[in-house]
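Sequence order for the protein chains is A and B. The first sequence begins at 1 in this note's numbering and counts up one residue at a time. The second sequence begins at 1 in this note's numbering and counts up one residue at a time.
I should point out that these hints are in silico values taken from the structure, not numbers from a laboratory.
Here are some, though not all, of the chain B residues that point toward chain A, as calculated from beta-carbon distances under 7 Å:
| id | residue |
| --- | --- |
| 1 | 281 |
| 2 | 286 |
| 3 | 319 |
| 4 | 369 |
| 5 | 395 |
| 6 | 404 |
| 7 | 411 |
These stretches of chain B come out as covered by chain A in the derived footprint (C-beta under 8 Å, 3 or more residues):
| id | region |
| --- | --- |
| 8 | 56-69 |
| 9 | 95-107 |
| 10 | 355-368 |
| 11 | 463-472 |
| 12 | 491-505 |
Some chain A residues judged to face chain B by a derived CB distance under 8 Å, without partners named:
| id | residue |
| --- | --- |
| 13 | 32 |
| 14 | 121 |
| 15 | 164 |
On a predicted model such as this, the values are computed, not experimentally measured, just so you know. Glycine included, every Cβ here is placed at the ideal spot set by N, Cα and C.
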Amino acid sequence: MAQRAVWLISHESGTPLGGIVKFSRRYPTVEKRAKVFNGASYVPVPEDGPFLKALLFELRLLDDEKDFLESRDSCSHINKTSIYGVPVGGEELWPVVAFLKNGMIYACVPLVEQTLSPRPPLISISGISQGFELLFGVQDFLSSGQKTDSELNTKLSQLSDLLLQTCPFGTLLDANLQNSLDSINSASVTHLQKQPAWKTGTYKGKPQVSISITEKVNSMQYDKQEIADTWQVVGVVTCKCDLEGSMPNVTISLSLPTNGSPLQDILVHPCVTSLDSAILTSSSIDAMDDSAFSGPYKFPLTPPLESFNLCYYTSQVPVPPILGFYQVKEEEVQLKITVNLKLHESVKNSFEFCEAHIPFYNRGPITHVEYKASFGQLEVFREKSLLVWIIGQKFPKSMEISLSGTITFGAKNHEKQPFDQICIGGTAYLKLHFRILDYTLTGCYVDQHSVQVFASGKPKISTYRKLISSDYYIWNSKAPAPVTYGSLLL
Amino acid sequence: MGPLGRETWAQRLGTFRASPSAFMAGPEGEDLGRDLLSDLRSEKLSEPMKVALLALSLEYPDQLWPDAPAAEAAATSLLDTLVLLPPRPSALRRPLLLAATTALAAGGALNPASGASGRLLPLLLGLASGRDLGRSFCPASEQRPLQATAWECLRELESCRPGLLGGCLGLLRALLGREGPAQPLSLLLALALRNALVIQARAGAGLQGLLTAGESSMEGGPWNWMLAEEGEVHLQPQAPSWPAAEEDECGLAALELSPEEARELRATVAQLLDASYLLTPVAQAQLLWLLGWALRGLRGQPPVLFKPQLVRLLGTAQLTLLHAMLALKAAFGEALFTAQDEALLLRRLTLAAQHPALPLPTHLFYLHCLLNFPENWPLGPTGEEAAPLLLGSQLCRGLLPSLLHEPMALLARLHLLCLLCVEDEEKEGKGQDRSPRHYLEELLAGLRQRAALDGGPRALATLCFQASYLVAHCLAGQPVVLIPLTQGLAQLYRARPALAPHFVDLLDHVGPELQEPLRVALRQEVASRPGREEALRWHLQMLASVADGDAQSATLSFLRAAAAHCTDWGLQQALLRVCRALLRAGVGGGLADLLQELARQLEDPDGQDHARLYYILLAHLAGPKLGVALGPSLAAPALASSLVAENQGFAAALMVQEAPAPIRLSVGPRRAEGAVPVLRLQVEVLEPVYSLELRFRVEGQLYAPLGAVHVPCLCPGRPTRPLLLPLQPRRPAPARLAVRALYSTPSGLTCHAHLPPLLVAFADLFLPFPQPPEGAQLDFFEELWDSCLPKGTESRLWCPLGPEGLEALVSRHLEPFVVVAQPRCTFFPARSRLTGPRRWGASSPQPSVWVVTD
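Same shape as in the complex, but just chain A:
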């Protein structure tokens, strides 16, 4: 379950090497075991330079795509997981866990405690999930808070010390690197008896509990007879419990109003101590019926010090918050578009913002736009071939708005205009971006009185809610559109 080596590589396309190794760490004691366990099939961990080159090639991140290369493009070279065999020095280093996230490649090589030929199935290698967890931990650490390059560099420079704490010999002790950083900084904290390893100290101060529910709604709307529209709510409940004592007990309940949509597919944080079987079994896989468990959803837990995601859920609300249709007709060099959007009456009509982005791919730049909008303003980004319809904070009383227009395009220039692999021919979409504060689509809320805290002092409890759009697409109903299997089952 140990790792032989870890790398962080920034992917920089256009540079000669295609990337820079920002951080690497090898574990020689694990390497020694690998040599014994893998026997004749042992392949040593290479130096950074060769590894960088081979990994970028394997991940198809080198810019040179012009020619067909069998070792990369062969139809039989199929990868179905983020685990690769990386060719180095005539041999193949396997398994290499690697993924790209926000321009950074996270990679590690887990120890396999047996021979590699024949290759054992990934599921039987304990180091795979441990490797993922390490990389996710590093990713969380790097992406938390910082946005600028210098902040990122500071975090990268801390990484060496952090891994010395959380992964001194290649076996991960805690995926939460921030925790370790806190514990380095507060080395004098006195540990109490039976202190959990995931809690690096104790809180001193005014007790308070903050719980926020964020729901994201996605949707695919086609406005077609044979294809069903789909939409889904994905919720996350984030908590921060500032409570004294080494292991305070807290119970948080999520409640639904009488017409609320049941929560499904609930995944909880490991600090939750027990789960009701109804929570465990409520799942979107089953057909919905009225008997579905509708809460309250109780989560007894011993909270860690830091902010954590108590649970994730999905839900199938009866209607999408905004129903729309979008039609595009091509007339020589012009496109005629019509958009209709209708806010459902049950939805809170008070947005932080609401916009419809209407992109045009695989065409030239916009040269001319004529339009008529029943509401809001239209912004035109000519070079990006993009229209943005700014709807604002509120839908009008009728709850229904429309936009129609004619757009003229210039000559196509491959390098400048956006390319899209989906929007071929008449296939086109508009994407809605909106946010509503103090509101959830499922109706899910946390009743302050239902939060039970078994610790000294009466804590202040604050709760927050918001709804955000995410992948909210309305497809051109006059052309084919990509569908999921679910939308074909009318």
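Starting from the known structure of chain A, arrange chain B on it as the hints suggest.
Chain B only, in chain A's frame:
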């Protein structure tokens, strides 16, 4: 050399990290390890720089101290540095402990004879167990972090040297019950327990009270290396707790535990599991893997102990925890998971594989787990990916691919969809419009549409061909899927001929079910094109791959039309490659005309030469030989240059090859064949052999020159008539015949081989003698003897015999000619009439032989 400055070290470390091997090969490489150790004690260097030096030693001990003595010396030096630190807070203590541990474990110096090991182990155990090491060692504020570090060091040492802490099990158990950090202690105890069980099982011993030994067991006295010594012998791949592994590989079944030991073991495991909620999720997962390993296959240890933990774990989103649970499932199967539990686990896994809150790599790993799910009662063959029985199409609905997915997710889900299509087909499709198969077809069509996009990224094309390959692989037996796939691919080629290399690659990899129809469809697609397009080079590349003996006229007329547009060398070569493919496929008449035309018409002399060469080959070589001459060279399969490969191909085909003989020759039983002695040769072949010529030669002038034997064709397993080799002995003497074979292989090569020599015995040189009537041998011999006498001469000779005696001599050389055994009467039939009957007396030491010759 004095201590290096901060700058120098920073620069050195930078250069080293850029390429350790290059640095070590350079002038500074040799001193690096020594300098590092000495400068750790230098007062000029700051603590952060020393930490950086130690960090280097944690990563590259092999380069710094390449052998065990160097590692031992380094560890000693590191321990000395640690002891000499002044008793104020220092950031060096932790990394020094880690570095000394790493040096010993990675350098192979961890053993009873090592002084550093003898110092480090008690130090670590003392720190870990919180025993007072004297105030001078470290200030109170550092004690907790050092304690945790010491536990980790011990765990690493136990990992590298299983059994090292076997003697401490009792102590570890006692400590777990007390205050202090639970995580490092739990993990170490679980690891040491697992290792002790494995080692003792191999030794056929019980736990021998290790769990109850108490704290005193390790106090004072030397370190107990007993278990580690046993373990060292067996440091070998561990049996994974996975069903694919052989049951007895685990070997724990051999462990005999007394009821008391079993009870203690159970108590220890329960104690570990009860405290597991104090561990971080990743550590909990490690604990579960270790305990699963420890208890798997162990008699009298029911896995129900794990049960209370499972519900809690089942609800989490944590990858490691769900993975550990699958490991327990694989290890214990029905003993821990009832059918209902299995269904619930599968549902959670299905849910996690598509949960929008989880990242893509997690989804993909869970999908892999689904297709390799350790079922209680698997139906299919092990080791093959398959959808678990309980995973019905209803459960899978959310896991099916769509064009919006990332390539990897799309392929993983496509695989699942293919498996569903197989099942669906088995259920005799219920006539639904939206069966998985229809969905599959639409998806593939969408992928092809994207791949057809002019100027689109290559990755899209690659994805389309990978998907086609996957479908052809999984659904090879379903023409209902393959027919539209073939048509769709042909259309894709029509839309974007630049994808020709992908098509060639696909044809090379798919099975005949798709390969054959696709080849035909593509050939038609190309041949129907006018030969003057921009895409000509792609058409030619495609045609070189798909052209064969069928539909020659269409192919040839395409080529004829194309030839006029092949103006540059590259196109001409591409055109000639198609001709070459046709030659190999045995296309005759029309091709000869085309080649002649090309030889005249092509502008490039190289092209002309090639056309002419092909024409000559076509005119002069028979089909199979031509195929070999133009086929891929066996001599240099890796060489990519077509010119070299071609040259070698010719050379191989037109020259005689030296080869190990696939022929076995032996001398068969003797029979009268005409007037001269004839060897009857039995021949066996290991592979078909054509136009075999066997040539024989004998040293000296013993026989008249031997003729060659010809056989038109020999096949393995088919009975063959014996080959007859007439001998004309000039002097009757046994001899060795050297044999050479010249033959053609099925692939058309001409080969030459030396066969093992054949032994011709003395007896083989004479005609066999007709059998006299039974019981009348003596009379018969006497009459024969007498009949020779009137004209012939009788002589008598004495000759000395070797130690083997007369009996052996006769039976070795004259056995077939013995007419009567007592007294020995032998008769030699010779070429003309009779060389003579002979008789001799066997009794005297120097036997006398009578000889009559005619």
